[in-house]
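Colleague: At position 363 of the first sequence the residue is numbered 363 (our numbering), and the sequence of numbers has no breaks.
What the hints contain is simulated information worked out from the structure, not anything from laboratory work. These numbers were taken from a predicted model, which means no experiment stands behind them. Here a beta-carbon is modelled for each residue, glycine too, at the ideal position from N, C-alpha and C. Hints are all accurate, no fakes.
Label-pair restraints from in silico Cβ distances: (1) Ser573 - Glu111: 30 to 36 angstroms; (2) Glu174 - His266: 24 to 30 angstroms; (3) Ala561 - Glu307: 45 to 51 angstroms; (4) Asp64 - Ser12: 26 to 32 angstroms; (5) Ala94 - Glu304: 50 to 56 angstroms.
Calculated cross-link-like contacts (lysine to any residue; reagent style SDA-like; alpha-carbon spacing at most 25 angstroms): (6) Lys313 - Pro411; (7) Lys340 - Asp298; (8) Lys478 - Glu254; (9) Lys149 - Ser8; (10) Lys29 - Val70; (11) Lys425 - Ser373; (12) Lys506 - Arg520; (13) Lys478 - Pro447; (14) Lys355 - Glu304; (15) Lys385 - Phe303; (16) Lys156 - Leu53; (17) Lys96 - Lys149; (18) Lys425 - Arg343; (19) Lys75 - Gly44; (20) Lys96 - Phe37; (21) Lys99 - Arg9; (22) Lys318 - Thr380; (23) Lys75 - Arg40; (24) Lys275 - Gln159; (25) Lys136 - Leu53; (26) Lys359 - Pro447.
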Amino acid sequence: MNENKYESRATSLRTHTCGELSAANAGQKVSLAGWVFTKRNHGGVFFINLRDLYGVTQIVVNPDSPLFKVAEELKSEYVLHVEGTVRPRPGTNANKNMKTGEIEVVAEKIEVLSQSHPLPFDLKEYAGVTEETRLKYRYLDLRRENMAKNLVLRSKVSQVVRNYLYDNGFNEIETPMLTRSTPEGARDFVVPCRSNPGTFYALPQSPQQFKQVLMMSGMDRYFQLARAFRDEELRADRQPEHTQIDMEMSFVDEQDIARIVEGLMHNIFGFLGDKIDDRFPEMEFDDAMLKYGSDKPDLRYTFEIKECSDIFKNSQFKVFAGALAEGGVVRAIKGEGGAKFSRKDMDNVTAAAKKAGAKGLVWLRYKDGKWESPTLKFITEEEQKALAERMEVKDGDAVFIAADKAAVAAPSLGAVRTFIIKTLKPQPVKKWAFLWVRHFPLLELVPETGKYTFTHNPFTAPLPEEISKLDTDPANVKSCQFDLVLNGTELGSGSVRNHRRDIQEKVFEHMGYGKEEARRRFGMIVTAMDYGCPPHGGIGLGFDRLMAIICGTDSIRDVIAFPKTTSGSCLVSEAPSELDESQLKELKIKLDM
RNA sequence: GGGGUUAUGGUGUAGCCUGGUUAACACGUCGCCCUGUCAAGGCGAAGAUCGCGGGUUCGAAUCCCGUUGACCCCGCCA
1 MNENKYESRA
11 TSLRTHTCGE
21 LSAANAGQKV
31 SLAGWVFTKR
41 NHGGVFFINL
51 RDLYGVTQIV
61 VNPDSPLFKV
71 AEELKSEYVL
81 HVEGTVRPRP
91 GTNANKNMKT
101 GEIEVVAEKI
111 EVLSQSHPLP
121 FDLKEYAGVT
131 EETRLKYRYL
141 DLRRENMAKN
151 LVLRSKVSQV
161 VRNYLYDNGF
171 NEIETPMLTR
181 STPEGARDFV
191 VPCRSNPGTF
201 YALPQSPQQF
211 KQVLMMSGMD
221 RYFQLARAFR
231 DEELRADRQP
241 EHTQIDMEMS
251 FVDEQDIARI
261 VEGLMHNIFG
271 FLGDKIDDRF
281 PEMEFDDAML
291 KYGSDKPDLR
301 YTFEIKECSD
311 IFKNSQFKVF
321 AGALAEGGVV
331 RAIKGEGGAK
341 FSRKDMDNVT
351 AAAKKAGAKG
361 LVWLRYKDGK
371 WESPTLKFIT
381 EEEQKALAER
391 MEVKDGDAVF
401 IAADKAAVAA
411 PSLGAVRTFI
421 IKTLKPQPVK
431 KWAFLWVRHF
441 PLLELVPETG
451 KYTFTHNPFT
461 APLPEEISKL
471 DTDPANVKSC
481 QFDLVLNGTE
491 LGSGSVRNHR
501 RDIQEKVFEH
511 MGYGKEEARR
521 RFGMIVTAMD
531 YGCPPHGGIG
541 LGFDRLMAII
551 CGTDSIRDVI
561 AFPKTTSGSC
571 LVSEAPSELD
581 ESQLKELKIK
591 LDM
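All chains should be built: construct the whole structure from the sequences, respecting the hints.
Modeller: Next up, the structure:
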């Protein structure tokens, strides 16, 4: 891993860090500073493992040393300044598991810079501690090796991001944190404005409008490691504030943006020492749903959903016949080795499919060249044979069949696919499976109003060849919107934007907004478009999610220094909190609760 | 808004289903011993009214109701 150019971390209190001494330093007088990680008193010789961000170094105090009394008084997590001489560990005492394990520092001076209470939990990585306790004492949690590593790595990756984007002509421009509330999309966090009582700022859900306006300003290429805020219910991969690598470029098409992002990922994963695809595969949104039942398929695994409607077109099985009669489909997915699933496992898969909308799930085990299933009696031998061929089953496999409308069958089998990956753990074909999912539908019908709403972003352009369909078949217009997927996680979403007023206005019309209403809702961007708008597009990538994947954790809380709980509170600062009467009075706010 | 899991010394857990002695174990803490450990070791000690409130019962960590926090999921998140 690259080190910073500024190598030396020597200060007035230390000549070296606790992670850098080796046999090459033998005989040197050094001074170190750090925390007492562990101490071992053998009655005679006394060992201290002194820890800082960079590592751990063993300090030795001998029984004849006047320092022995000082050493005996030390407790865990005291902060020390130690002076001494480096020497190779005597005899066979080198510790191969420790970076500095071949040496130790014989203490000549120990100064206690700060004392510590006993810690509320053990900092060693093997020790168990609940996340609630960790968050309450986050400053201690961050002393743990894994957490410290994550934060340092996050810092280094953001440096790689900045360097790459600077090198590619991007300008880092800050957009406002205090901005205007919009009725669309997620709920806003609002901030009362004292100087204009009764008015409120909103924290940005994304710099979307500002970055597009910057393109209209002629800034050509913009990026920002931007904080974005959403007042919505939280999840393991969702925080009320998150960081995105946000960028926008002028005079580009989808492929231009893709090349920049691929280059960015090459730099990041190259920095991590990993090789990734030169070009990321592209997949139509429709295909992703058809083959994988998901708009963010995990392509570390190659198995797909197979169409089986033709096999069962004459089926007497009510479930299949019924679905087909109503214009639905019969589709199936194979779980390699799934025949070992117990009845309970089968219930769990079925539950997963039902959660995704399915009314039920047909499952069959394949053993000794024969199918085995409670529903086998409804499937003719001919159908069984065709199914075995279509699914290319081997002994020990299982097959799961969904019969429903295509819009239900797809996500249901997608959920089954995810379940199979999680439980049967097939061999991944690659470590990092990037994927572009393209051409999402532009608009989506809202049945209650008869109007349409944008699927991702109100400024996304329709595909040029689909523009004519805007008038005739708005629900089926495909857009220039694309998602970047990594290992089944949506990393971000980008698009080529509308730069033509007429098309943007048409989209607004489908959403039920006339010119004035659009101007009221989207203000500056609509007005700015009147004065020469370059074709432009961009993407926002979830930096927390990216770092979580890189750090190998399921929770983005592990890559954020001070995250919030699922109810939105910060356990260490105890935010949010109530305001004083006087503060409310100044804001002219009365609480009604 | 809905569903699920969970809360027991400083920390992490067991005990709860099937109510009944001084609530068990590991780590940590404290004391003593120990000259080569490195998650040191040995001996000993202290430390919990079992999240909170109510109920059932002769008796509640255990059963019931409510409530709060944390975590997971659905809705939601352009």
